[in-house]
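Going line by line, the protein sequences match chains A and B.
Here this note's numbering = 1-based position in the first sequence + 45.
Here this note's numbering = 1-based position in the second sequence + 18.
Each hint should be verified, as a subset may be incorrect.
The following label-pair restraints were derived from C-beta to C-beta distances [what the hints assert, rightly or not]:
| # | chain 1 | residue 1 | chain 2 | residue 2 | range |
| --- | --- | --- | --- | --- | --- |
| 1 | B | S22 | A | T346 | 57 to 63 Å |
| 2 | A | A369 | B | D124 | 49 to 55 Å |
| 3 | B | R88 | A | A154 | 54 to 60 Å |
| 4 | A | R135 | B | S171 | 54 to 60 Å |
| 5 | A | D134 | B | R157 | 50 to 56 Å |
| 6 | B | P316 | A | S65 | 35 to 41 Å |
| 7 | A | Y62 | B | R157 | 32 to 38 Å |
| 8 | B | G352 | A | G401 | 46 to 52 Å |
With a straight-line cut-off of 30 Å between C-alpha atoms, the simulated BS3-like cross-links for lysine-lysine are [unchecked claim]:
| # | chain 1 | residue 1 | chain 2 | residue 2 |
| --- | --- | --- | --- | --- |
| 9 | B | K21 | A | K351 |
| 10 | A | K180 | B | K138 |
| 11 | A | K204 | A | K66 |
| 12 | A | K66 | B | K30 |
| 13 | B | K166 | A | K66 |
| 14 | A | K351 | B | K138 |
| 15 | B | K30 | B | K130 |
| 16 | B | K30 | A | K351 |
| 17 | B | K93 | A | K66 |
| 18 | A | K180 | B | K130 |
| 19 | B | K130 | A | K282 |
| 20 | B | K93 | B | K130 |
| 21 | B | K30 | A | K221 |
| 22 | A | K282 | A | K383 |
| 23 | A | K383 | A | K351 |
| 24 | A | K221 | A | K151 |
Honestly, the hints are just simulated from the structure, not real lab data.
Beta carbons: idealized from backbone N, C-alpha and C, even for Gly.
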Amino acid sequence: MTSTPLLNIEGLRTYFYSRSKQAFIRSVDNVSLAIARGETLGVVGESGSGKSVTALSVMGLITAAPGVISGRIEFTSGGVARNLLENLDRYVQLTEEHGRIMGVAKDAAGWRKNAEHLLGRVRGKEIGMIFQNPKAALNPFTTVGKQIAEVVQLHTSHKGVGEARERAIHWLERVKIDSPRLRYDNHPFGLSGGMCQRAMIAMALSSEPSLLIADEPTTGLDATIQSKIVDLLAELKQDIGITTMLISHDISVIKRLSDRVAVMYGGTVVENGPAAEILAGDAASRHPYTAALLASIPNETHVREKTPLLAIEGEVLDTINTPAGCRFYARCNRVTDKIRQQCERCEPDLREIEPGHRVRCWLYFD
Amino acid sequence: MPKSLLEVFDLKKHFTQRRGLFSSLTAEERFIPAVDGVSFYLKENETVGLVGESGCGKTTIGRTILGLTRATSGKVLFDRKDITCMPAEELRLLRSQMQMIFQDLDAGLNPKMRIREILKEAITVHHRFSDAEVERKTRELLDQVNLKSNKLSQFPHELSGGEKRRIGIARVLGVGARFIVADEPTSALDVSIQAQVVNLLRDLQQQLGLTFLFISHDLQVVELVSHKVAVMYLGKIVEMGLAERIASKASHPYTHILWSSLVEKQNREAVQAPTTGAWGVHDFERPLHGCRFAPRCPVYHAQGRPAICTDPASEPELRDLGDGHYVACHFPLG
Numbered sequence: 046m047t048s049t050p051l052l053n054i055e056g057l058r059t060y061f062y063s064r065s066k067q068a069f070i071r072s073v074d075n076v077s078l079a080i081a082r083g084e085t086l087g088v089v090g091e092s093g094s095g096k097s098v099t100a101l102s103v104m105g106l107i108t109a110a111p112g113v114i115s116g117r118i119e120f121t122s123g124g125v126a127r128n129l130l131e132n133l134d135r136y137v138q139l140t141e142e143h144g145r146i147m148g149v150a151k152d153a154a155g156w157r158k159n160a161e162h163l164l165g166r167v168r169g170k171e172i173g174m175i176f177q178n179p180k181a182a183l184n185p186f187t188t189v190g191k192q193i194a195e196v197v198q199l200h201t202s203h204k205g206v207g208e209a210r211e212r213a214i215h216w217l218e219r220v221k222i223d224s225p226r227l228r229y230d231n232h233p234f235g236l237s238g239g240m241c242q243r244a245m246i247a248m249a250l251s252s253e254p255s256l257l258i259a260d261e262p263t264t265g266l267d268a269t270i271q272s273k274i275v276d277l278l279a280e281l282k283q284d285i286g287i288t289t290m291l292i293s294h295d296i297s298v299i300k301r302l303s304d305r306v307a308v309m310y311g312g313t314v315v316e317n318g319p320a321a322e323i324l325a326g327d328a329a330s331r332h333p334y335t336a337a338l339l340a341s342i343p344n345e346t347h348v349r350e351k352t353p354l355l356a357i358e359g360e361v362l363d364t365i366n367t368p369a370g371c372r373f374y375a376r377c378n379r380v381t382d383k384i385r386q387q388c389e390r391c392e393p394d395l396r397e398i399e400p401g402h403r404v405r406c407w408l409y410f411d
Numbered sequence: 019m020p021k022s023l024l025e026v027f028d029l030k031k032h033f034t035q036r037r038g039l040f041s042s043l044t045a046e047e048r049f050i051p052a053v054d055g056v057s058f059y060l061k062e063n064e065t066v067g068l069v070g071e072s073g074c075g076k077t078t079i080g081r082t083i084l085g086l087t088r089a090t091s092g093k094v095l096f097d098r099k100d101i102t103c104m105p106a107e108e109l110r111l112l113r114s115q116m117q118m119i120f121q122d123l124d125a126g127l128n129p130k131m132r133i134r135e136i137l138k139e140a141i142t143v144h145h146r147f148s149d150a151e152v153e154r155k156t157r158e159l160l161d162q163v164n165l166k167s168n169k170l171s172q173f174p175h176e177l178s179g180g181e182k183r184r185i186g187i188a189r190v191l192g193v194g195a196r197f198i199v200a201d202e203p204t205s206a207l208d209v210s211i212q213a214q215v216v217n218l219l220r221d222l223q224q225q226l227g228l229t230f231l232f233i234s235h236d237l238q239v240v241e242l243v244s245h246k247v248a249v250m251y252l253g254k255i256v257e258m259g260l261a262e263r264i265a266s267k268a269s270h271p272y273t274h275i276l277w278s279s280l281v282e283k284q285n286r287e288a289v290q291a292p293t294t295g296a297w298g299v300h301d302f303e304r305p306l307h308g309c310r311f312a313p314r315c316p317v318y319h320a321q322g323r324p325a326i327c328t329d330p331a332s333e334p335e336l337r338d339l340g341d342g343h344y345v346a347c348h349f350p351l352g
């Protein structure tokens, strides 16, 4: 790629402190991602793998302590790349033991002020977000239309009340809510789950952002409505050409919409590359976790022959005591004797194995 | 041929909802027919999948046939005994044989009880056992659902989603149930964990001869675990038959739309989602004339809106197409 990516995340770490366990939960641990302008990046992984926390870190919506502790989030707007985590290290002091972060001292109030200053004109305006649970994310006390009009007034040049209202109705129409003029005056509880999701998408788009983060946009919806929302997102992608970071654990949705895919496991990216290669290619060219994840989806053979599904053995990674070696080592079924020691002791880095296709696995490194 | 364990005849459950503070004075009530005349049966050691969009009455059916809510009318025979008019005490005893796996993982487990206590309660609620016996049974249950015994001293919030689901299953087995209503058992889980739970339910069915009513809106999972599938729309069963048949040769337009809206299927076959008429939200209040799917039905619109579909006197009944395949439609697909 010649142009600079729209969003470039490097070495992002977001930790939380658990008082009962007296330890850090390493929700996001060294995540690096890049999204080029106009492309859709699908982020997959099981729950607790840090997909949503990554998105919330980009939006600066992490409130729990200590939160974001290191890394760079570079966002390009108006041709200028700015680090949304600038001066972070001024507020954070890390203590390391044996290469692992064991202590964090963070001036939370100072950082908050700095972050708000940096994010002020970006959040909502430049980066829009579709939240996971539309019913919970919309304000129950205000009509859907007013909530969208508020965004329009705040972030676009349509400042007048009537003007904003027309814009909001335009966006409701754009996401195919039927009779948008009537729906403008509906409260969220008067809308079905699918309609709330559409309203949510309308709200995110109404500020005309350059990056859209969609966090599980179809989870919890019925199959018929799910496919309508996916269709809508596909259409918007084609018409507006908006850059999207699509988070989902539904691989069929990712397959349909993404150009590139990042697979997350235990707080880090284990594989990153073109969607077609990762989701359809043969098992030999993938990270063992990706291969196992894809194998666990029920397909036609399972249905026809009633064979058991291939579940991933073992337990979900403990994000408090992350292992020193590869995070997937305990559940991996492709460890060979040659690399066993490496797998157990050192974590592999995310290395390019083919142009644009990066994998975090010793299997592919010589 | 295995005998039928559960038979449901013309089951109805209507809810009434009062509007506003003074509704009892004005007698203004809203009437919601959540389940509106449903009949089906389950044979022993069989899984019947119940699918349909949210709000179509799937969960209400599950709750009503277990007697968790009383039916408005109709009959539910469990082992030839009608449970709709059974005294509460007798029903309580019968519950040792029929149980429900609840949809909400967190609401289903008491957050202040340790796993050991949760399982103990299930084991001892219907039977008396000595402490040693309870201990032995607890371990046996954990074994059956593939959990380690170190989980016993933990609280529900310390478990992952898949583990919570296993505890929910273990608790149902602890009571000794042989008929289980599984309400969306995989909906909150990831694919990899979903695979574990689906395999577990299948293994348990084989080992213990369990009978399942499997409620879900995930069509792929339903197709995978069920022998038979019943498709619901607005409180009625619109199509019922063998799982393979429903998935591949659907006769009711609604079933067809449901299955072709699978994103996975669209990816594979590169087809667009079928367009229907007014694809709005269904409304229980709408006066139903004839077929309740007609306003959204592509066949109805394609046929030039035939009068029979909206004739109040001729709501389509379930018709036998042979091979245990039933459909409620005036113009079934070929």
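Exercise. Which of the listed hints are broken here?
Worked result: 1, 2, 4, 6, 10, 11, 12, 14, 15, 16, 17, 19, 20, 21, 22, 23, 24
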